[in-house]
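Based on the hints, put chain B in the right spot on chain A.
Respectively, the protein sequence lines represent chains A and B.
According to the working numbering, the residues represented by the first sequence are 158 to 635, in order.
According to the working numbering, the residues represented by the second sequence are 4 to 352, in order.
One should not assume that every hint holds.
What the hints assert, rightly or not - Below 20 Å or equal to it, Euclidean Cα-Cα: the simulated EDC-like pairs (lysine to aspartate or glutamate) are: (1) A:Lys619 <-> B:Glu255; (2) A:Lys279 <-> A:Glu596; (3) A:Lys420 <-> A:Glu403; (4) A:Lys402 <-> B:Glu49; (5) B:Lys90 <-> A:Asp621; (6) B:Lys88 <-> A:Glu617.
Think of the hints as simulated: they come from the structure by calculation, not from any bench.
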Amino acid sequence: MEQEKKKSLIDNIWDFLASVKLAIVIFALISLTSIIGTILEQRAEPAKNMQILSKLFGESLAPSLYNISEKFGFMDMYHSWWFTALLIIFSVNIIICSLERLPRIWKLIKEPISPMSEESIKKLILNREIILKGKPDNNKALLADAIKSARFSCQEVQEGDGYQFFSRKGTYSRLGVYITHFSILVILAGAIIGIRFGFKGYLNLPEGAVSNAAFSGMNKEIPLGFDIRCDNFDVEFYGMSDMPKEYRSWLTIIKNGREVLQKSIAVNDPLTYEGITFYQSSYGMVPDSIGRGIFVFRLISNDGKTSNTNLRFGESFQIPGTSVSGKILDFSPALKVDEHGHAFTYSDHMNNPAVFIEFSGAGKNTFSGWLLRRQPNTWQLPDGHRVEFIDYWGGEFTGLQVRKDPGVWIVYLGCIAMSIGLFIALFMSHRKIWIKAVEDKNNTRVLVGAITNKNRAAFERKIDAIISILRKKQEGVK
Amino acid sequence: MAYITAMMTYIAYLAFKKSQVGIAATTITITGFIAQTAAIILRWSEFAELSGMGFLRSAPMTNLYESLVFFVWCLIAGYLIIEFKFKNRSFGAFITPVAGLALAFIDLTGISKEIQPLVPALKSNWLLAHVTMSFIAYAAFSMSFSTGLMYLILSTGKRNELSYIFWTLTFGIFFIVLASMGLDLLTFKVMVKPDIFIKSYLFKTSFLNPSAVVKILSWGLAFITLFIVWRYGHVLRTVIEKFDLNADMLDEITYKSIAFGFPIFTLGGLVFGAIWADQAWGVYWSWDPKETWSLITWFIYAFYLHGRMVRGWKGKKVAVVSVVGFMAVMFTYLGVNLLLSGLHSYGSQ
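Looking at chain B on its own, in the form it has when it is part of the complex:
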């Protein structure tokens, strides 16, 4: 996909600081974005034709594949807005890889890309509003996560500082989870029959391996990775310092993304979700895991906003909250579907 190329050109832009390269990177991103938009619309109309339910009811956001694609779309849209608003391209080198990785993840895991028939509960006009707004909010939150994390990387120096330990831990865990999932994928492709769904295979090659040796080894490796990230975290800092990003701008983007995402999440995710649940299940709130985790996410971002607006917290403190908030988002989006059961299990395959 174009985003991978865009990622490389953004990095090239950072390396050479030539404006032409930057323009090329932006152009590639925009081209990719337009291509993706077209692909989504195509799928949408194809689905509308297949199901015969009318255009509005057949938004292509009803399973994990479609939702991930849409998430990437929102992320790139959000990034392009920021690029034009803040006139800073360095940021692209962080967002485009996320988009590219998410799409690669879709390709590698072999998540079903088929257009699947809709279960009756999803046939509603609320689908479009609820899912679109939730994902726009998720994209805004992931923006705040990456800026928040970068802020922490930039502004912490001492190894015994709490926020330094926090970000290295987060970063390390992210890395480890990704790596072990990558391992799962590799072995999955090689050994396991394709009819076993990958969900039940998660972490089987490393942390949940039946063999104790492999188990201990992977835990050991995980701790070593954490230690390395902690020990050499300042390298990342110098890398980011080279890109002309300043801490204040990162702080502002973090705040703005959350201030933008929070009301959309409230209205689209919680309120519209409640109304739809009321229509479909007969209860507007049933403490279903997905609902509960959305509420937890909502609390964390509410905490962020209170900390910033009432107490005037700035910088590291709230950046930590924004990172924690995004972990909750990740869990609400993926974790609940993969690990917990409930009414809301549409996005798990």
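Pulled out of the complex, with its shape left as it was, chain A reads as follows:
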């Protein structure tokens, strides 16, 4: 008695977990809660969500709503316990649904197709009847051809009053649904592996700097197991605008003191070493970089003598073969001149780097002014010398997204399986056909019966095509 009760409880739980209803409820719950997640900004500063809430519900309700949402983890809901729980129930539901239905489907697949009686064929959803002239045996080749033209390979059996062809196709297409369901589990498994054994971090690496670790969102250090150095960073802009066309970092991987890999990375073109991938994600100026950056100039005198020079802020240089010298007095990462002719810095990014140089030396034409890296016309000095502003190196950092995710290939595998599974499940069908020929007053009565689990209309058209072939052949014989 006691045992029976227990069993029925387990059965109830099982039935509950196997039900399509649960699947629907889970679909709905995941969707609805996700909507909230898209409205409230995830992992954002409190003020931002406070603003969103007061915009939607008014100033008075916002604080209490904020507290409620915070309690339930809506500010970081995709990582909250209950969202994880929803995903777990979703997976369990998929597993149990499949376990519940798979044996039945497997039986259907394994069950051999067998000939049918006249009455049963007539009872099938799709059935046709046609009379052919001549005895059944004389029409055999004709029938076999017609079936072959519909791309069915068939078995044949002799019967008392004639014979019967029967065939099936796409039997395994019934498994497409399970491939799809299974692939969801594979994807989730891959995601879990990624979370458990991988990490996600960032690294802001100034030009010339070396690091052996990345940082997680909480500023925790994650050791890399090797060193990474940023050799150079550069942004290319669209024309003279400030819209970046491409930004690129030249990186070197150093393992045990040896340079093992060198690659330049850009957005959409990352670098992977020992399972850790570096993505180009942002860039910026190193704070208070003015002492660490190096100015690179090419100096050309008016009689063609050329030399290159690297300088720090405040240092001087001399134009080759002359006594003209220049001193770097000021630097701006993004220089603009307003309508009164005042120069000012308009951005924190190095969009339009400029140096202010004061020249001194022989001749009356001493000159001081801004040289802009993006505008070569400012490089020409009045006395014919030329100072090319090549680079300001060391002032910028490259923002790298650092990730290790051993599960990503499993996720992709799941994605491929899902696509294949969906294709099979939606576009292929399990079709069975029976064609029975019976002698009827020296003629042949042909019965065609068929079933399919999907897309009946298309199969019906195919069967009608078979019938019309038979009819046409018949007329040809006549």
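Only chain B this time, still in chain A's reference frame:
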């Protein structure tokens, strides 16, 4: 554009039931389609030349204007396929206006038609695959939406029936949103300086008007509209009944469009999107609003397919789901860009 003319001829065809008019309508649609194809290819090659990135990387689908144009292209292509497959032209009278309206919307709103330079994240071979497939799926879903809605209009009669209330509400809201956006446009053109982007102006003339009177008035009008649609919905039904469309065919087209769109959406939208995100942002899934809304859309259509295939639901029940699904599509495509912020904000201007 030719689609507007095509729309008129399709309607004429319906009115007179003359096969010549029908053929003319189809011819005009095909001509328009060819013209649009040529225009897209021209823009494509122009962009390829400008950016110097090679042909495959410069698909013209990188901002709202280009994506809407491509969406219309997919829709017409889908419609032409259906016309030839089902040998029924009546349907054209519903699809061509949508295409025409979308193009008119582009023209009126003054969405920037300039070829814009690409931000670095969009420079990828995945752009073509991801965006094309997403939009083919969107077009298939909008097909299922219009057939699903027509199915509901055709098969519901009683005013207290839930599905009747559902479709009149949906239809009414669609109408109201379109109308108020039209109002926004009118006043926008007249009063506001063009340098304020229209996005921040949405619904300012009606529901979000600073004046309380206008606000109340527009809400009142909206409810009256809803009521009228609900009260006189059967008129639409008799209109549709006159076109030789039967409910079973509509149901079948709805199912087929979804069965066609769903795997493409899964592969092109979600899977390719994930791979690309992995390449560009370093995460294949980051619960970005666009991603989340695609997932919601995916769930709704998955629900449709389960309802139909496992539970054998047919007709009204699933038609409602197909309509709801398309609302999610609309939100994924336009709503997320206009209302929510995130990584995926390329299509908002």
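Comparing the hints with the structure gives:
1. A:Lys619 <-> B:Glu255: holds, 18 Å
2. A:Lys279 <-> A:Glu596: holds, 17 Å
3. A:Lys420 <-> A:Glu403: Within the cut-off at roughly 16 Å; holds.
4. A:Lys402 <-> B:Glu49: holds, 18 Å
5. B:Lys90 <-> A:Asp621: It holds: about 18 Å lies between the C-alpha atoms, which stays within 20 Å.
6. B:Lys88 <-> A:Glu617: holds, 15 Å
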